[in-house]
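Residue numbers (my numbering), protein chains in the order written: chain A, 15 to 77; chain B, 30 to 399.
Among the hints, erroneous ones may be present.
What the hints assert, rightly or not - The following label-pair restraints were derived from C-beta to C-beta distances: (1) B:L248 - A:K41: 51 to 61 Å; (2) A:G61 - B:E247: 15 to 25 Å; (3) A:I33 - B:S65: 49 to 59 Å.
Quick caveat, the hints were computed from the structure, so don't treat them as lab data.
Remember, it's a predicted structure, so these values are computed and weren't measured experimentally.
Where is the CB? At the ideal position from N, CA and C, for every residue including glycine.
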Amino acid sequence: MAKRITIDPVTRIEGHLRIDCEIDNGKVSNAWSSGQMWRGFEVILQGRDPREAWLFVQRFCGV
Amino acid sequence: MRCRESDFEKIPGSVSRRDFLKVCTATAVYMGLPASFGPKIAEAATAAKKRPPVIWLSAQECTGCVETLLRTTHPTLEHLILDLISLDYSETLNTGAGHQAEEYREKSIEENKGKFILVCDGSIPVKDGGIYCKIAGKPVLEILKETAPKAAAVVAIGSCASWGGVPSAEPNPTGATPVYKILEGTGIPVINIPGCPPNGYNFLSTVLYYVTFSKLPELDDKLRPKFAYGRLIHENCERRPHFDAGRFAEQFGDEGHLQGYCLYKLGCKGPETYNNCSTLRFNDMGTWPVNTGHPCFGCSEEGVGFNIPLHTPAVVKNVTPSAVQTPITVDHGGGMSSGAVALAAGVAGAAIGAGVVAMKKVGQEEKKQD
Chain A
15 MAKRITIDPV TRIEGHLRID CEIDNGKVSN AWSSGQMWRG FEVILQGRDP REAWLFVQRF
75 CGV
Chain B
30 MRCRESDFEK IPGSVSRRDF LKVCTATAVY MGLPASFGPK IAEAATAAKK RPPVIWLSAQ
90 ECTGCVETLL RTTHPTLEHL ILDLISLDYS ETLNTGAGHQ AEEYREKSIE ENKGKFILVC
150 DGSIPVKDGG IYCKIAGKPV LEILKETAPK AAAVVAIGSC ASWGGVPSAE PNPTGATPVY
210 KILEGTGIPV INIPGCPPNG YNFLSTVLYY VTFSKLPELD DKLRPKFAYG RLIHENCERR
270 PHFDAGRFAE QFGDEGHLQG YCLYKLGCKG PETYNNCSTL RFNDMGTWPV NTGHPCFGCS
330 EEGVGFNIPL HTPAVVKNVT PSAVQTPITV DHGGGMSSGA VALAAGVAGA AIGAGVVAMK
390 KVGQEEKKQD
């Protein structure tokens, strides 16, 4: 029977990350990483003046 | 009780009493308090039996607000921020992760009920039940609603937490909402420190004020501390004389731009944005967007930054004539002339800028002596 380990939140990184691991007989048999936050830059940028696109995309990550 | 050298030995890190008093006095001066309040702030901060606990909750953010605080190059500021307060939870800085971090957060909240400061960076998504930002499987909307009633006060740091910021830009796909709107009607005190990112000193001063006087500083109608957001950027801008004299950069890279003329026609939002960037500057280097040649885009002003297009001219608020004649020749914008220019604009805010500049000079003098 596989054991499931979840680490959420993953700290000391930028953003909200979740890691899921499936452990089978002491070995990782499957793993998933997932971002737990979405702001919708893809949607916000549609139809905007390209001259100000940088203003938005620059704020993807502040690190 | 006076603060003694021994008080500082208990504080981990390399804070000397002298450095600490210096920062506290600078803080007092730039909040518009008499310089004599500096030692008072230092006393309150060191006399407290327990450092005020802070829970830092991150929502729809980019971590820029945390960075601005950590990267401030003022000597030992990072020590002061981390050693003055007890940062019990922060996703970016926690050593523990996953359930360990969450358990510690819950423990601290229960132990310090009614005493801790809740800092929130990032907007709160409310669309689709708040699924667009989850921590430990729980929407941050729920975590905020549960935690805020137990806090002494809530500090919304950054434009996203203060008024929605980038995620709330049209068409606001996730229903990004500012913290104060989520907590509306609950009576929980909320203080906004907008900016993208805000100046770390504005946050530090607010916290020091709270530690010293056990109350929040005076706020404006948008819940921003008046000591920091009381004046328009335009009022203390070093390029203001060019505005008054009608000298403008018409295009990026043109002659006017090279000469350091006013950036109003390039869409500078300084005339409608309340903030102290033009006097306080960033990174202790006297730098800020306008002196690098870029217009202010109004990040700290609700309805301006990320809302009004970058190149649309600003609505000029408070059109007051300058108190003195502007000089015929003015050098490039930049350098350390902000104090003098602010004085020319004839506003009380000048004292704030001059205070900071004076403190910087004191710092340099002392360094020389050291």
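Hints, verified against the model:
1. B:L248 - A:K41: 51 to 61 Å: holds, 57 Å
2. A:G61 - B:E247: 15 to 25 Å: At 41 Å between Cβs, range violated.
3. A:I33 - B:S65: 49 to 59 Å: holds, 53 Å
Hint 2 alone, counting from the list given before, is not met by this structure.
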